Amino acid sequence: MAQAPVKTFSSIEDIYPTSSACSRERTRWRRVVDTFTKVHGRQPSHIIRAPGRVNVLGEHIDYSLFPVIPAAIEQDILIAISTEPSSSSTPVVQIANTSPKYAQQEFRLSPDSRENWVVEGGLGKDWCSYAKATIAECSSRSQDVPASMKWLVDGVVPEGAGLSSSAAFVVASVLAVSVANGRTADLNQSDVVKMALKSEHRLGLVNGGMDQAASVFCLPGQLLHLSFHPELSPDLLPLPSSLALVITNSLEPHALADSAPERYNLRVFENLCAVRLLLHSWKVEVDGSPPRSKEEAGRVWMKEALAYLQDSLGLSEEESFKRVAQDLDSVLGVDGRDEKGWTLEEIVAASGMSREEFDDTFTKFIEVRADRFHLYKRAKHTIEESLRVVEFKALCDKNAAAGASQCSQEVQKQLGELINASHASLRDLYAATVPSVDTLQKLCLESGALGSRQTGGGWGGAVISLVPVSSLDEFMSSIKGKFSAYEGLSDEALGKAVFATAPGCGAGVLEMTDAFLQSL
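Under UniProt numbering, the residue at position 439 of the sequence shown is numbered 439, and the numbers go up by one with no gaps.
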């Protein structure tokens with residue numbers, strides 16, 4: 001599946017799952033084509049689309065290399081493009097947006113001293129920064145002069161809702177650059193995910209790849225069980241047809257890039273340090289695979305640490321989890337540090353490294369800002385959340401193996417309890433929720449959800465709920481009337497804030513043939 005070619009579409013029906021969605025999207029795509037023609041003076045040659053994603057279970061564990069269960073949603077990012085050979089050694093890129101709040105931009109690419117392509121004037125911190133980072137990353141993968149491009153971006157993934165609008169934008173941008181430069185045939189879906197990750201790294205974001213993979217790999221009607229160790233491995237997971245996914249936006253946005261040193265990146269750092277202290281307590285050094293530099297070898301993810309226990313001590317997966325869980329208290333929670341946390345000096349002293357080695361391995365790897373580091377709580381969440389993913393998958397697989405498209409009330413209850421436990425852990429151990437999201441989660445449960453939890457990067461954004469299809473309308477009506485932030489919203493705005501979604505199709509490319517244009 002990971003090695004499959006990039007998806008190509010020939011019709012709206014190839015992408016969207018229902019007749020109502022196709023009717024809605026046909027109007028939207030026609031508007032995108034017309035707007036592109038008006039803005040850029042020609043019709044686009046292709047439209048690239050990449051969906052947002054909702055993470056059903058497995059939050060903040062992808063960068064520790066544990067499996068997660070996301071799904072692509074119907075809402076997506078479209079990039080209409082046209083291209084022309086560059087008339088100089090500095091290609092020109094023009095990017096417009098269908099939303100008037102995003103100003104049109106024009107910039108040039110030029111080679112630096114290392115023969116990499118860079119954006120003249122830098123990446124900036126506006127809406128175009130993700131596109132600029134991606135264009136620079138993808139262009140630098142070839143010695144050829146990149147094509148000049150004209151883009152029009154149209155997005156309906158709610159921003160700042162934890163539905164990965166930024167990852168969808170980056171994935172679509174990777175495909176846009178590849179199409180413009182005639183390289184799509186050389187890429188498989190795994191390549192697209194890796195290039196998207198590299199592009200986000202240029203903006204200082206370190207993530208595990210779940211968002212990008214869900215946007216690329218997913219198929220309609222299926223959840224995605226995504227493994228990262230020992231390699232990226234996507235597998236489809238059937239969601240019982242008696243269950244629906246509902247997204248409720250708290251309307252409290254988050255901005256990962258702006259807050260990363262105190263939030264997202266800090267959690268990555270805390271997890272890495274937790275693993276380092278555990279490994280040192282076991283008196284072992286683990287070199288990750290594939291071979292790494294000295295600094296990279298010192299950064300071991302929790303899944304790699306468990307794999308070491310299984311291989312070297314002959315432990316089963318279950319036994320390795322129990323061993324780590326036991327050592328969380330004795331190593332990371334020692335002397336009350338389960339609550340008060342660690343200072344950086346205390347972490348260095350317990351790491352078995354000199355300060356110089358520690359800085360080279362950890363503090364220079366990722367920018368963080370904090371006085372105390374809660375290694376015990378972050379590692380405890382990571383271990384327990386990964387076990388919830390194992391149990392959720394087993395329940396879905398067992399249900400499918402029994403030949404049941406639906407599931408019993410007991411299985412529904414168990415799935416919901418796993419989702420509820422995930423939210424409690426994000427709130428109490430990962431400190432990644434905010435009061436408005438906690439309130440919304442409680443209201444979703446009161447409105448009839450089997451399970452509800454914050455989804456996405458955290459500190460705002462959306463809540464995902466698992467709801468019986470039989471009570472879907474009742475749930476939607478109830479939550480719209482209960483959450484105070486929804487008061488006074490127009491019907492259109494409320495429809496964007498609260499919606500049911502079917503697991504959708506992953507990213508792909510559609511050429512603007514005469515037949516397709518006539519179908520709009």
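No lab work stands behind these hints: they were computed from the structure.
Watch out, some of these pointers could steer you wrong.
Each computed DSS-like pair below joins lysine-lysine, with the alpha-carbon atoms no more than 25 Å apart [said to hold, decoys possible]: (1) Lys198 x Lys125; (2) Lys393 x Lys413; (3) Lys340 x Lys322; (4) Lys442 x Lys413; (5) Lys194 x Lys364; (6) Lys101 x Lys496; (7) Lys364 x Lys413; (8) Lys101 x Lys38; (9) Lys364 x Lys198; (10) Lys340 x Lys413; (11) Lys194 x Lys125; (12) Lys125 x Lys393; (13) Lys7 x Lys198; (14) Lys283 x Lys322; (15) Lys398 x Lys442; (16) Lys480 x Lys413; (17) Lys393 x Lys322; (18) Lys482 x Lys496; (19) Lys125 x Lys101; (20) Lys496 x Lys480; (21) Lys442 x Lys496.
Note that the coordinates shown come from a computational prediction; the quantities given were computed from them, not determined experimentally.
Here is what the structure says about each hint:
1. Lys198 x Lys125: Satisfied, since the Cα-Cα distance of roughly 17 Å is no more than 25 Å.
2. Lys393 x Lys413: holds (14 Å)
3. Lys340 x Lys322: Holds. Lys340 to Lys322 sits at ~24 Å (cutoff 25 Å).
4. Lys442 x Lys413: Roughly 16 Å between the alpha carbons, so the hint for Lys442 and Lys413 holds.
5. Lys194 x Lys364: holds (22 Å)
6. Lys101 x Lys496: holds (18 Å)
7. Lys364 x Lys413: violated (45 Å)
8. Lys101 x Lys38: Status holds; Cα separation ~18 Å.
9. Lys364 x Lys198: Holds, at roughly 18 Å.
10. Lys340 x Lys413: Violated, at about 35 Å.
11. Lys194 x Lys125: Within the cut-off at roughly 22 Å; holds.
12. Lys125 x Lys393: Distance of about 39 Å is beyond 25 Å: violated.
13. Lys7 x Lys198: Given pair Lys7, Lys198 holds - Cα atoms ~21 Å apart, limit 25 Å.
14. Lys283 x Lys322: holds (18 Å)
15. Lys398 x Lys442: Violated, at roughly 29 Å.
16. Lys480 x Lys413: Distance ~24 Å between Lys480 and Lys413 Cα, so the pair holds.
17. Lys393 x Lys322: holds (20 Å)
18. Lys482 x Lys496: Since the Cα atoms of Lys482 and Lys496 sit roughly 16 Å apart, the hinted pair holds (cutoff 25 Å).
19. Lys125 x Lys101: holds (15 Å)
20. Lys496 x Lys480: With Cα atoms ~11 Å apart, Lys496 and Lys480 stay inside 25 Å; holds.
21. Lys442 x Lys496: holds (20 Å)
The structure fails hints 7, 10, 12 and 15 (numbered hints given earlier, in ascending order).
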